[in-house]
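> Sequence:
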Amino acid sequence: MDGLRISGFHAGYPKRKIISNLNVPLLPRGKITVLLGPNGCGKSTLLRSLAGLNRAEGEVWLNGTALMSQPFARRAEKVVYLPQSLPAGVHLHVLESIIVAQRASGGRSSSASEAEVMSVLEQLGISHLALSYLDQLSGGQKQLVGLAQSLIRRPELLLLDEPLSALDLNYQFHVMDLVRRETRKRNIITIVVIHDINIALRHGEHVLMLQNGELIADGLPEEVITPESLATVYGVKGRIERCTQGTPQVLIDGLVAEPTL
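In full-length UniProt numbering, the protein residues as written are 1 to 261.
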(Lines of atoms letter the chains of each structure in order from A; the text may use other names.)
(Lines give C-alpha, C1' and ligand atoms only; values in the text may rest on other atoms or scores of the structure.)
Protein backbone atom coordinates (compact mmCIF):
# COMPACT_ATOMS: atom_id res chain seq x y z
CA MET A 1 0.00 0.00 0.00
CA ASP A 2 1.32 3.46 -0.93
CA GLY A 3 2.09 5.81 1.93
CA LEU A 4 3.82 5.63 5.32
CA ARG A 5 2.54 3.50 8.19
CA ILE A 6 4.19 3.16 11.61
CA SER A 7 3.28 0.43 14.09
CA GLY A 8 4.62 -0.48 17.55
CA PHE A 9 7.48 1.99 17.16
CA HIS A 10 10.03 2.50 19.95
CA ALA A 11 12.98 4.91 19.77
CA GLY A 12 15.43 6.74 21.99
CA TYR A 13 18.71 6.06 23.73
CA PRO A 14 20.09 3.02 25.60
CA LYS A 15 19.07 4.35 29.02
CA ARG A 16 16.11 6.51 28.02
CA LYS A 17 13.17 5.75 25.77
CA ILE A 18 11.77 8.83 24.04
CA ILE A 19 9.06 7.16 21.98
CA SER A 20 7.19 4.06 23.17
CA ASN A 21 4.73 1.98 21.14
CA LEU A 22 3.91 4.72 18.64
CA ASN A 23 1.27 3.86 16.05
CA VAL A 24 0.63 6.21 13.14
CA PRO A 25 -2.17 5.52 10.65
CA LEU A 26 -1.35 5.60 6.96
CA LEU A 27 0.10 8.93 5.83
CA PRO A 28 -0.75 9.41 2.14
CA ARG A 29 1.60 10.40 -0.63
CA GLY A 30 1.40 13.86 -2.14
CA LYS A 31 0.57 15.64 1.11
CA ILE A 32 2.45 17.56 3.80
CA THR A 33 2.12 16.17 7.31
CA VAL A 34 3.03 18.65 10.04
CA LEU A 35 4.46 17.22 13.25
CA LEU A 36 3.51 19.33 16.28
CA GLY A 37 4.27 19.10 19.97
CA PRO A 38 6.16 20.83 22.80
CA ASN A 39 9.93 20.78 23.16
CA GLY A 40 11.29 17.37 24.11
CA CYS A 41 8.19 15.40 23.07
CA GLY A 42 10.06 13.24 20.53
CA LYS A 43 9.57 15.05 17.21
CA SER A 44 13.25 15.14 16.20
CA THR A 45 13.81 11.65 17.61
CA LEU A 46 11.03 10.32 15.39
CA LEU A 47 12.44 11.91 12.25
CA ARG A 48 16.00 10.80 13.00
CA SER A 49 14.81 7.28 13.73
CA LEU A 50 12.85 7.06 10.48
CA ALA A 51 16.03 8.12 8.67
CA GLY A 52 18.04 5.39 10.42
CA LEU A 53 20.09 7.80 12.55
CA ASN A 54 18.70 6.71 15.95
CA ARG A 55 18.18 3.29 17.48
CA ALA A 56 14.60 2.17 16.92
CA GLU A 57 12.34 -0.88 16.86
CA GLY A 58 8.96 -1.54 15.33
CA GLU A 59 7.35 -1.66 11.92
CA VAL A 60 7.65 1.11 9.34
CA TRP A 61 6.15 0.54 5.91
CA LEU A 62 7.04 2.99 3.13
CA ASN A 63 5.12 2.44 -0.10
CA GLY A 64 4.93 -1.28 0.62
CA THR A 65 8.59 -1.65 1.68
CA ALA A 66 9.53 -2.70 5.23
CA LEU A 67 11.86 0.22 5.97
CA MET A 68 13.36 -1.06 9.23
CA SER A 69 14.87 -4.11 7.54
CA GLN A 70 16.60 -2.05 4.84
CA PRO A 71 20.39 -1.48 5.06
CA PHE A 72 21.23 2.16 5.79
CA ALA A 73 22.45 2.81 2.22
CA ARG A 74 19.20 1.49 0.73
CA ARG A 75 17.14 3.48 3.21
CA ALA A 76 19.07 6.64 2.29
CA GLU A 77 17.93 6.21 -1.31
CA LYS A 78 14.31 6.47 -0.20
CA VAL A 79 14.45 8.72 2.88
CA VAL A 80 16.03 12.16 3.15
CA TYR A 81 16.36 13.92 6.51
CA LEU A 82 17.16 17.64 6.85
CA PRO A 83 18.20 18.43 10.46
CA GLN A 84 17.39 21.69 12.20
CA SER A 85 21.11 22.44 12.60
CA LEU A 86 23.30 21.86 9.57
CA PRO A 87 26.98 20.85 9.86
CA ALA A 88 29.57 23.61 9.64
CA GLY A 89 29.88 24.81 6.06
CA VAL A 90 32.68 23.34 4.01
CA HIS A 91 34.63 25.34 1.45
CA LEU A 92 32.56 24.26 -1.56
CA HIS A 93 30.46 26.24 -3.97
CA VAL A 94 26.73 25.85 -3.38
CA LEU A 95 26.33 24.26 -6.81
CA GLU A 96 29.12 21.77 -6.10
CA SER A 97 27.66 20.85 -2.71
CA ILE A 98 24.29 19.98 -4.24
CA ILE A 99 25.86 17.90 -7.00
CA VAL A 100 27.93 16.06 -4.36
CA ALA A 101 24.78 15.39 -2.29
CA GLN A 102 22.96 14.16 -5.38
CA ARG A 103 25.73 11.79 -6.44
CA ALA A 104 26.45 10.52 -2.93
CA SER A 105 22.87 9.36 -2.51
CA GLY A 106 22.96 7.12 -5.59
CA GLY A 107 19.78 5.37 -6.65
CA ARG A 108 16.92 7.50 -7.93
CA SER A 109 18.80 10.81 -8.04
CA SER A 110 22.09 9.77 -9.64
CA SER A 111 20.98 10.98 -13.08
CA ALA A 112 20.03 14.54 -12.07
CA SER A 113 21.70 17.10 -14.33
CA GLU A 114 23.32 20.42 -13.54
CA ALA A 115 20.33 22.10 -15.19
CA GLU A 116 18.02 20.36 -12.70
CA VAL A 117 20.20 21.56 -9.82
CA MET A 118 19.98 25.14 -11.08
CA SER A 119 16.21 24.75 -11.49
CA VAL A 120 15.87 23.80 -7.81
CA LEU A 121 18.01 26.76 -6.77
CA GLU A 122 15.86 29.08 -8.89
CA GLN A 123 12.66 27.73 -7.34
CA LEU A 124 14.11 28.42 -3.89
CA GLY A 125 15.14 31.92 -4.97
CA ILE A 126 18.85 31.33 -4.36
CA SER A 127 20.24 30.77 -7.87
CA HIS A 128 22.40 33.86 -7.32
CA LEU A 129 24.24 31.89 -4.61
CA ALA A 130 25.26 29.03 -6.93
CA LEU A 131 28.92 30.08 -7.00
CA SER A 132 29.08 31.31 -3.40
CA TYR A 133 30.95 29.25 -0.83
CA LEU A 134 28.93 27.37 1.78
CA ASP A 135 31.10 28.56 4.66
CA GLN A 136 30.34 32.18 3.76
CA LEU A 137 26.55 31.91 3.86
CA SER A 138 24.15 33.05 6.57
CA GLY A 139 22.22 30.52 8.64
CA GLY A 140 19.07 31.05 6.60
CA GLN A 141 20.91 30.69 3.30
CA LYS A 142 22.50 27.43 4.49
CA GLN A 143 19.05 26.16 5.44
CA LEU A 144 17.81 26.85 1.91
CA VAL A 145 20.83 25.09 0.41
CA GLY A 146 20.13 22.12 2.67
CA LEU A 147 16.58 22.00 1.33
CA ALA A 148 17.91 22.11 -2.24
CA GLN A 149 20.25 19.20 -1.41
CA SER A 150 17.26 17.27 -0.05
CA LEU A 151 14.94 17.90 -3.00
CA ILE A 152 17.54 17.03 -5.65
CA ARG A 153 17.83 13.53 -4.20
CA ARG A 154 14.19 12.80 -5.12
CA PRO A 155 13.21 10.94 -1.95
CA GLU A 156 10.05 8.95 -1.39
CA LEU A 157 9.96 10.27 2.20
CA LEU A 158 11.17 13.80 2.98
CA LEU A 159 11.77 14.63 6.66
CA LEU A 160 12.27 18.31 7.49
CA ASP A 161 13.15 19.23 11.08
CA GLU A 162 12.28 22.89 11.69
CA PRO A 163 13.25 24.05 8.17
CA LEU A 164 11.90 27.55 8.84
CA SER A 165 13.81 28.29 12.05
CA ALA A 166 16.43 30.55 10.42
CA LEU A 167 14.23 32.10 7.73
CA ASP A 168 12.48 35.47 7.54
CA LEU A 169 8.73 35.78 6.93
CA ASN A 170 9.10 36.01 3.16
CA TYR A 171 11.17 32.85 2.89
CA GLN A 172 9.02 30.98 5.43
CA PHE A 173 5.99 31.38 3.18
CA HIS A 174 8.02 30.77 0.03
CA VAL A 175 9.59 27.56 1.34
CA MET A 176 6.34 26.08 2.65
CA ASP A 177 4.57 26.90 -0.61
CA LEU A 178 7.40 25.29 -2.61
CA VAL A 179 7.54 22.19 -0.40
CA ARG A 180 3.79 21.70 -0.79
CA ARG A 181 4.00 22.06 -4.58
CA GLU A 182 6.97 19.69 -4.85
CA THR A 183 5.30 17.17 -2.53
CA ARG A 184 2.26 17.08 -4.80
CA LYS A 185 4.24 17.16 -8.05
CA ARG A 186 6.56 14.31 -7.03
CA ASN A 187 3.81 12.45 -5.13
CA ILE A 188 6.07 11.96 -2.11
CA ILE A 189 5.42 11.87 1.64
CA THR A 190 6.67 14.94 3.50
CA ILE A 191 6.80 15.30 7.28
CA VAL A 192 7.69 18.75 8.62
CA VAL A 193 8.39 19.75 12.22
CA ILE A 194 7.07 23.27 12.84
CA HIS A 195 6.64 25.27 16.04
CA ASP A 196 4.48 28.01 14.52
CA ILE A 197 0.98 26.57 14.72
CA ASN A 198 -0.44 29.22 12.40
CA ILE A 199 1.92 28.02 9.66
CA ALA A 200 0.71 24.48 10.33
CA LEU A 201 -2.90 25.63 9.93
CA ARG A 202 -2.16 27.42 6.68
CA HIS A 203 0.21 25.00 4.94
CA GLY A 204 -0.33 21.60 6.56
CA GLU A 205 -2.65 19.05 4.99
CA HIS A 206 -2.39 16.54 7.82
CA VAL A 207 -1.24 17.01 11.43
CA LEU A 208 0.28 14.65 13.97
CA MET A 209 0.44 15.99 17.54
CA LEU A 210 2.86 14.38 19.99
CA GLN A 211 3.21 14.63 23.75
CA ASN A 212 5.78 12.70 25.78
CA GLY A 213 6.50 10.44 22.82
CA GLU A 214 2.85 9.50 22.33
CA LEU A 215 0.47 10.38 19.51
CA ILE A 216 -2.23 12.58 21.02
CA ALA A 217 -4.16 13.38 17.84
CA ASP A 218 -3.95 13.08 14.07
CA GLY A 219 -6.11 14.31 11.23
CA LEU A 220 -6.87 17.50 9.35
CA PRO A 221 -5.27 20.64 10.86
CA GLU A 222 -8.57 22.10 12.06
CA GLU A 223 -9.54 18.77 13.63
CA VAL A 224 -6.29 18.44 15.59
CA ILE A 225 -5.55 22.06 16.50
CA THR A 226 -8.32 22.92 18.94
CA PRO A 227 -8.56 24.86 22.22
CA GLU A 228 -8.66 21.50 24.02
CA SER A 229 -5.51 20.11 22.39
CA LEU A 230 -3.65 23.40 22.89
CA ALA A 231 -4.49 23.27 26.60
CA THR A 232 -3.59 19.59 26.98
CA VAL A 233 -0.36 19.56 24.97
CA TYR A 234 1.00 23.10 25.29
CA GLY A 235 -0.62 24.25 28.54
CA VAL A 236 -2.05 27.41 26.97
CA LYS A 237 -5.48 28.98 26.75
CA GLY A 238 -6.00 29.38 23.03
CA ARG A 239 -8.75 29.93 20.53
CA ILE A 240 -8.99 29.50 16.78
CA GLU A 241 -10.54 32.34 14.83
CA ARG A 242 -10.69 33.17 11.14
CA CYS A 243 -9.11 36.30 9.75
CA THR A 244 -10.86 38.57 7.22
CA GLN A 245 -9.66 36.27 4.42
CA GLY A 246 -11.11 33.18 6.08
CA THR A 247 -7.80 31.66 7.19
CA PRO A 248 -7.90 30.06 10.67
CA GLN A 249 -5.45 31.50 13.20
CA VAL A 250 -4.52 30.58 16.76
CA LEU A 251 -4.68 33.30 19.38
CA ILE A 252 -3.17 32.67 22.82
CA ASP A 253 -4.87 34.36 25.77
CA GLY A 254 -2.76 32.97 28.60
CA LEU A 255 -1.52 29.87 30.38
CA VAL A 256 -3.66 27.09 31.77
CA ALA A 257 -1.63 27.20 34.99
CA GLU A 258 0.13 30.43 35.83
CA PRO A 259 3.78 29.92 36.87
CA THR A 260 4.65 30.58 40.49
CA LEU A 261 7.50 33.00 41.16
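Derived by calculation from the structure, the hints in this document are not laboratory data.
Yeah, the Cβ is synthetic: ideal placement off N, Cα and C, and Gly gets one too.
Wrong hints could be hidden among the right ones.
[Unchecked claim] Distance windows between CB atoms, simulated:
# : residue 1 : residue 2 : range
1 : Glu116    : Gly64     : 24 to 32 Å
2 : Glu59     : Thr226    : 28 to 36 Å
3 : Ser119    : Gly64     : 45 to 53 Å
4 : Gly40     : Ser138    : 36 to 44 Å
5 : Thr232    : Glu116    : 28 to 36 Å
[Stated by the list, open to error] Heads up, simulated EDC-like pairs for lysine to aspartate or glutamate below, C-alpha to C-alpha not over 16 Å straight-line:
#  : residue 1 : residue 2
6  : Lys15     : Glu77
7  : Lys31     : Glu182
8  : Lys31     : Asp253
9  : Lys185    : Glu156
10 : Lys31     : Glu214
11 : Lys31     : Glu205
12 : Lys17     : Glu214
13 : Lys185    : Asp253
14 : Lys31     : Glu57
15 : Lys237    : Asp218
16 : Lys185    : Glu205
17 : Lys17     : Glu57
18 : Lys31     : Glu116
> Now tell me if each hint is right for this structure.
Hint by hint, here is what the structure shows:
no. : hint                         : verdict
1   : Glu116 to Gly64: 24 to 32 Å  : 27 Å, holds
2   : Glu59 to Thr226: 28 to 36 Å  : 30 Å, holds
3   : Ser119 to Gly64: 45 to 53 Å  : 30 Å, violated
4   : Gly40 to Ser138: 36 to 44 Å  : 28 Å, violated
5   : Thr232 to Glu116: 28 to 36 Å : 45 Å, violated
6   : Lys15 to Glu77               : 30 Å, violated
7   : Lys31 to Glu182              : 10 Å, holds
8   : Lys31 to Asp253              : 31 Å, violated
9   : Lys185 to Glu156             : 12 Å, holds
10  : Lys31 to Glu214              : 22 Å, violated
11  : Lys31 to Glu205              : 6 Å, holds
12  : Lys17 to Glu214              : 12 Å, holds
13  : Lys185 to Asp253             : 39 Å, violated
14  : Lys31 to Glu57               : 26 Å, violated
15  : Lys237 to Asp218             : 20 Å, violated
16  : Lys185 to Glu205             : 15 Å, holds
17  : Lys17 to Glu57               : 11 Å, holds
18  : Lys31 to Glu116              : 23 Å, violated
Taken one by one, the earlier hints fail for this structure at numbers 3, 4, 5, 6, 8, 10, 13, 14, 15, 18, listed in ascending order.
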